Amino acid sequence: MKKLAYFDSSHEMPLEIIIAAGFTPYKILGDVHQSNDPADKYLSSFFCPAARSWLTEALAHSKEWAGIIFAQGCNSTNRHYDVWKVHVETPFLHWFGAPLLDNAAAKKYYRVELQRLISHLENQFGIKITPEKIGEAISKSNEIKKKLQQLSAFRALKDIPNRNYLAAVIKCLTYPVDEVSVWLDAEIKAWNSKPAFPSGKKRFLLTGSDITYVEWMDTLDDCGIRVVRDDLSVGERFFATLIPDKSDPLDALIEYYMNIPKPATRPTIQKRLDYLYKALGETKVDGVLSQNVKFCEPFAYDSVPVNNALKAKGYKVIHLERDFSPAADQQLANRLAAFVEMMEVGNNG
Amino acid sequence: MDKVNNSNDNAGKIKLNTLPHAKDLKWPMLWWIGMEKLYRTLPWKKTAWTCAAFPIEMMWIYDIFPDHPENMATVAAARKQSQRLIEHAESMGFSRDLCSYCKTNIGAYDTQIKKTLGGISKPDIVVCTNAICDTHWKWFQIMADKMNVPFFMFDIPKWVSGTDEKTLEGNIDYVVDQFYDLMVFVEKHTGKKMNEKRLYNVLDRSMELSDLWREIFEHRKAVPSPYSGAETSAAFFPLVVLPGVQVGVNFFKKILADIKNLTAKGEGTMPKGKEKYRVMWEGIPFWYRMRFMYDLAQYGAVIAFEPYTYSFAPEKKKCLTMEETLRHVAKLIMDTPYAYNLERRIENFEKWIDEYKLDGVILHENMSCRPSSAGMVDLAEAIMRDKGIPVLILQCDMNDPRAYSEGQIKTRVEGFIELMEANKK
Numbered sequence: 001m002k003k004l005a006y007f008d009s010s011h012e013m014p015l016e017i018i019i020a021a022g023f024t025p026y027k028i029l030g031d032v033h034q035s036n037d038p039a040d041k042y043l044s045s046f047f048c049p050a051a052r053s054w055l056t057e058a059l060a061h062s063k064e065w066a067g068i069i070f071a072q073g074c075n076s077t078n079r080h081y082d083v084w085k086v087h088v089e090t091p092f093l094h095w096f097g098a099p100l101l102d103n104a105a106a107k108k109y110y111r112v113e114l115q116r117l118i119s120h121l122e123n124q125f126g127i128k129i130t131p132e133k134i135g136e137a138i139s140k141s142n143e144i145k146k147k148l149q150q151l152s153a154f155r156a157l158k159d160i161p162n163r164n165y166l167a168a169v170i171k172c173l174t175y176p177v178d179e180v181s182v183w184l185d186a187e188i189k190a191w192n193s194k195p196a197f198p199s200g201k202k203r204f205l206l207t208g209s210d211i212t213y214v215e216w217m218d219t220l221d222d223c224g225i226r227v228v229r230d231d232l233s234v235g236e237r238f239f240a241t242l243i244p245d246k247s248d249p250l251d252a253l254i255e256y257y258m259n260i261p262k263p264a265t266r267p268t269i270q271k272r273l274d275y276l277y278k279a280l281g282e283t284k285v286d287g288v289l290s291q292n293v294k295f296c297e298p299f300a301y302d303s304v305p306v307n308n309a310l311k312a313k314g315y316k317v318i319h320l321e322r323d324f325s326p327a328a329d330q331q332l333a334n335r336l337a338a339f340v341e342m343m344e345v346g347n348n349g
Numbered sequence: 350m351d352k353v354n355n356s357n358d359n360a361g362k363i364k365l366n367t368l369p370h371a372k373d374l375k376w377p378m379l380w381w382i383g384m385e386k387l388y389r390t391l392p393w394k395k396t397a398w399t400c401a402a403f404p405i406e407m408m409w410i411y412d413i414f415p416d417h418p419e420n421m422a423t424v425a426a427a428r429k430q431s432q433r434l435i436e437h438a439e440s441m442g443f444s445r446d447l448c449s450y451c452k453t454n455i456g457a458y459d460t461q462i463k464k465t466l467g468g469i470s471k472p473d474i475v476v477c478t479n480a481i482c483d484t485h486w487k488w489f490q491i492m493a494d495k496m497n498v499p500f501f502m503f504d505i506p507k508w509v510s511g512t513d514e515k516t517l518e519g520n521i522d523y524v525v526d527q528f529y530d531l532m533v534f535v536e537k538h539t540g541k542k543m544n545e546k547r548l549y550n551v552l553d554r555s556m557e558l559s560d561l562w563r564e565i566f567e568h569r570k571a572v573p574s575p576y577s578g579a580e581t582s583a584a585f586f587p588l589v590v591l592p593g594v595q596v597g598v599n600f601f602k603k604i605l606a607d608i609k610n611l612t613a614k615g616e617g618t619m620p621k622g623k624e625k626y627r628v629m630w631e632g633i634p635f636w637y638r639m640r641f642m643y644d645l646a647q648y649g650a651v652i653a654f655e656p657y658t659y660s661f662a663p664e665k666k667k668c669l670t671m672e673e674t675l676r677h678v679a680k681l682i683m684d685t686p687y688a689y690n691l692e693r694r695i696e697n698f699e700k701w702i703d704e705y706k707l708d709g710v711i712l713h714e715n716m717s718c719r720p721s722s723a724g725m726v727d728l729a730e731a732i733m734r735d736k737g738i739p740v741l742i743l744q745c746d747m748n749d750p751r752a753y754s755e756g757q758i759k760t761r762v763e764g765f766i767e768l769m770e771a772n773k774k
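Which chain is which? The protein sequence lines are A and B, in order. Taken in order, the first sequence gives residues 1 to 349; the numbers are from the working numbering. Taken in order, the second sequence gives residues 350 to 774; the numbers are from the working numbering.
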């Protein structure tokens, strides 16, 4: 099954339409190990390094994909689309205008945009995306989400390295759903048989910009931090809620995508906090790590009010800004290690 | 490279001649300041914070005073206050990478700096759009929460390269629906109701203001240039906060008369015979260093056209029904030149280069405005390829003087002037 790639700064792309069209949804995540030089010919270094990495990946691999869909995400997504339209070779490029709001007007517009996407896919590939096919795709999507929920719950109970969790979510966002479903069954069994949560580690909730490479997760592990909850798009935002059962599958998708845990790219801050409070209420954690990849504006804006709100509730919060690099940043590691040490002596302020 | 007068002393400096009525800008400014005082004094009057690309007319229709954090941020920069306000916001936790307008405003509000230095007061409501950038709504929402003030945002769909008419109509439908949501919001939080008669009156005056600015731009095509970007960057103030108000119309009429008088005599803003290079400036000016635009005169260069101030004066039409009006305004919000997609940007820039007989283009790659800065490399390459004129990309910041390096910028500008000179041969 051919991949249909998508550019999505959070979880706005209705993957079920891609599945119903007979393609494997492939979330473009870039490769932190590759230089961004190809993308930097077109975008300055003060643009989101993750988005520049996605362009680098597309410049090298777009011909392997059936096409590319952009989902309206953050500040410059539409500008990136314009640049990609000039430089990335692809037979199919579509702009999906996922609304920022979630009121009645936005729901109406969301339906218009879903129908426009379906028509474009049908015309381009000579296929028919029926309500039945979308319904089947929703079932498959929910199956993956349920299994990820099960897998994710082991994080607070078992000895699951941070990188294993991130690798599992990335696999679910880039591999064929049927293959992933079988693989997840095996992982659930394997994780269930792991030893209990290690006594030397601290339980953390991770929030902020997305993490797209395992090396950063390793750094956290090395500092004694185990991520047991998160609200990332390459994380819980993807599987925290299920697509509801409705007679019209488009209604189901509209309701689902407008009610997933909010990223910083969607109003309101309070709604984003609501999910964080819910997660923190469900799972006892030692601290909250708020991290921002350099030049990621939406989460940088949110970090001040969100972290202040969490601190006001008594949570121990550390915020840091990281580069988009697989190299371990020893200064950041020292700060994190010191924060964990302070927790151990109960002197973290 | 030789400066026109090749002299560093003031005696030899080339000064741009300002228009006779340029100083009359004080009247709309004083009117605006006075109105704010009045609206804050009378209990039945209301105030709002608004942003660029928000249909400010809606606030005047509702008899709500539109305060403007971006405008006040530019005042802070011009009064050399922005750096300390930005640093204050950074001390609150806001990243150095975030918009300098936003941080100036946060610093100004938190330190309660004086209005004359760029200060701003708490409004009754906060309204904004994401037509220009997402920063607007992130910033306004953060401040609305901080001030405990009701918040409304227009979600404006993006007009990306290649958008077809049918998609555009769907986008307009979405914005029109939100106009009705705005009416509910305003009534709920201010008690004020839509008055259709007032709507048409305000929009008529707004159209007149836009038309006058567009006519001024028609005369800017004259050689030598009668009116430079150094002057328009201040004079366009009525378009920012006074569309729909008579005082701005009066000011623009005087400016237009001055320009007509100048062009009739074949004179320009530069001393006779000194205009050598006509330049387009793209992006927001360096508000803390407006001298930059005046200093270009030393090289015989004048900013003959800038899309930024032109953006604030779209071509407006008279509509006969509420629905038609809202659809028209919705399209205008999406169609601002400042937010043109790359294809439309290239197409329009090349048209303006011909119309204004430009010799070069300066693109301000603004670290505070990523949406505006994206695609600039492609824009520059297209202009150089299709029009054969030099393009200078200056990476800097509109409100944060820490990004401005006098020596580096001077060196790059001088190189650009040399390229324009070589191109003329």
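Derived by calculation from the structure, the hints in this document are not laboratory data. What you are looking at is a predicted structure, and each value in this text was computed from that prediction instead of being measured. Beta carbons are placed, not taken as given, at the ideal position from N, Cα and C, and that holds for glycine. Among these hints, one or two may not hold up.
To be verified - Below are the DSS-like pairs computed for lysine-lysine, each with C-alpha atoms no more than 27 Å apart in a straight line:
#1 A:K246 <-> A:K271
#2 A:K41 <-> A:K108
#3 B:K609 <-> B:K623
#4 B:K537 <-> B:K609
#5 B:K700 <-> A:K271
#6 A:K108 <-> B:K773
#7 A:K313 <-> B:K680
#8 A:K316 <-> B:K495
#9 A:K107 <-> B:K736
#10 B:K736 <-> A:K128
#11 B:K625 <-> B:K773
#12 B:K542 <-> B:K609
#13 A:K194 <-> A:K145
#14 B:K623 <-> B:K372
#15 B:K372 <-> B:K495
#16 A:K41 <-> B:K759
#17 A:K158 <-> A:K107
#18 A:K311 <-> B:K471
#19 B:K386 <-> B:K537
#20 A:K85 <-> B:K736
#21 B:K736 <-> A:K41
#22 B:K542 <-> A:K108
#23 B:K666 <-> A:K85
#24 B:K495 <-> B:K515
Said to hold, decoys possible - Partial list, derived from the structure: chain A residues whose beta carbon lies under 7 Å from chain B:
#25 F46
#26 G97
#27 Y275
#28 V304
As the list claims (entries may be wrong) - Selected chain B positions facing chain A (Cβ under 10 Å, derived; list incomplete):
#29 G442
#30 G511
#31 E514
#32 V524
#33 S722
#34 V726
#35 D735
Checked hints:
1. Distance check on the hinted pair: A:K246 and A:K271 sit about 24 Å apart at the alpha-carbon level, within 27 Å; holds.
2. Straight-line distance between C-alpha atoms of A:K41 and A:K108 comes to about 39 Å, which puts the hinted pair past the 27 Å bound.
3. For the hint pairing B:K609 with B:K623, the CA-to-CA distance comes to about 20 Å; that is within 27 Å, so the pair holds.
4. Simply put, B:K537 and B:K609 have alpha-carbon atoms about 48 Å apart, too far for the 27 Å limit, and the pair is violated.
5. For the proposed pair B:K700 and A:K271, the alpha carbon gap of about 45 Å is over 27 Å, so the pair is violated.
6. A hinted pair counts as satisfied when its Cα atoms are at most 27 Å apart, and A:K108 with B:K773 does not qualify at roughly 55 Å.
7. With a C-alpha separation of about 44 Å, the suggested pairing of A:K313 with B:K680 is violated against the 27 Å cut-off.
8. This hinted pair checks out: A:K316 and B:K495 have alpha carbons roughly 22 Å apart, not beyond 27 Å.
9. This hinted pair does not check out: A:K107 and B:K736 have alpha carbons roughly 45 Å apart, beyond 27 Å.
10. Note on B:K736 and A:K128: the hinted pairing is violated, with a Cα-Cα distance of about 46 Å set against a maximum of 27 Å.
11. The straight-line distance between the Cα atoms of B:K625 and B:K773 is roughly 10 Å, inside the 27 Å bound, and the hint therefore holds.
12. Of the pairs offered as hints, the one joining B:K542 and B:K609 is violated, with about 42 Å between alpha carbons and a cut-off of 27 Å exceeded.
13. The hinted pair formed by A:K194 and A:K145 meets the criterion: a straight-line CA distance of about 22 Å does not exceed 27 Å.
14. The hinted pair formed by B:K623 and B:K372 meets the criterion: a straight-line CA distance of about 24 Å does not exceed 27 Å.
15. Proposed proximity of B:K372 and B:K495 is contradicted: the alpha carbons are some 38 Å apart, above 27 Å.
16. Proximity of A:K41 to B:K759 is assessed by CA-CA distance (about 25 Å); at most 27 Å being required, the pair is judged to hold.
17. Using a Cα cut-off of 27 Å, the hinted pair A:K158 and A:K107 is violated, with the two alpha carbons roughly 40 Å apart.
18. Of the supplied pair hints, the one linking A:K311 and B:K471 holds, its CA atoms being roughly 26 Å apart against a limit of 27 Å.
19. Distance check on the hinted pair: B:K386 and B:K537 sit about 24 Å apart at the alpha-carbon level, within 27 Å; holds.
20. Proposed proximity of A:K85 and B:K736 is supported: the alpha carbons are some 22 Å apart, at most 27 Å.
21. Distance hint between B:K736 and A:K41 is fulfilled; the C-alpha atoms sit about 21 Å from each other, no more than 27 Å.
22. Straight-line distance between C-alpha atoms of B:K542 and A:K108 comes to about 25 Å, which keeps the hinted pair within the 27 Å bound.
23. Of the supplied pair hints, the one linking B:K666 and A:K85 is violated, its CA atoms being roughly 33 Å apart against a limit of 27 Å.
24. Only pairs whose Cα atoms come within 27 Å are accepted, and B:K495 paired with B:K515 is rejected, the gap being roughly 40 Å.
25. For A:F46, the interface hint holds, since its Cβ comes within 7 Å of a Cβ in chain B; the closest pair sits about 5 Å apart.
26. Taken as an interface hint, A:G97 checks out: its beta carbon lies about 5 Å from the nearest beta carbon of chain B, inside 7 Å.
27. Because the closest C-beta pair between A:Y275 and chain B is about 17 Å apart, greater than 7 Å, the hint is violated.
28. For A:V304, the shortest C-beta to C-beta distance to chain B is roughly 4 Å, which falls under 7 Å, so the interface hint holds.
29. The beta carbon of B:G442 is positioned within 10 Å of a beta carbon in chain A (closest approach about 4 Å), and the interface hint is therefore held.
30. Among the interface hints, the one on B:G511 holds; its C-beta lies about 7 Å from the nearest C-beta in chain A, closer than the 10 Å criterion.
31. Given the 10 Å rule on beta carbons, the hint for B:E514 is violated: about 13 Å separates it from the nearest Cβ of chain A.
32. Restraint check, B:V524 versus chain A: the minimum CB separation of about 9 Å is within 10 Å; hint holds.
33. Of the supplied interface hints, the one on B:S722 holds, with its beta-carbon coming within about 7 Å of a beta-carbon of chain A, less than 10 Å.
34. Restraint check, B:V726 versus chain A: the minimum CB separation of about 5 Å is within 10 Å; hint holds.
35. Annotation: B:D735 was flagged as interfacial toward chain A, and the flag is violated, the nearest CB pair being 14 Å apart, outside 10 Å.
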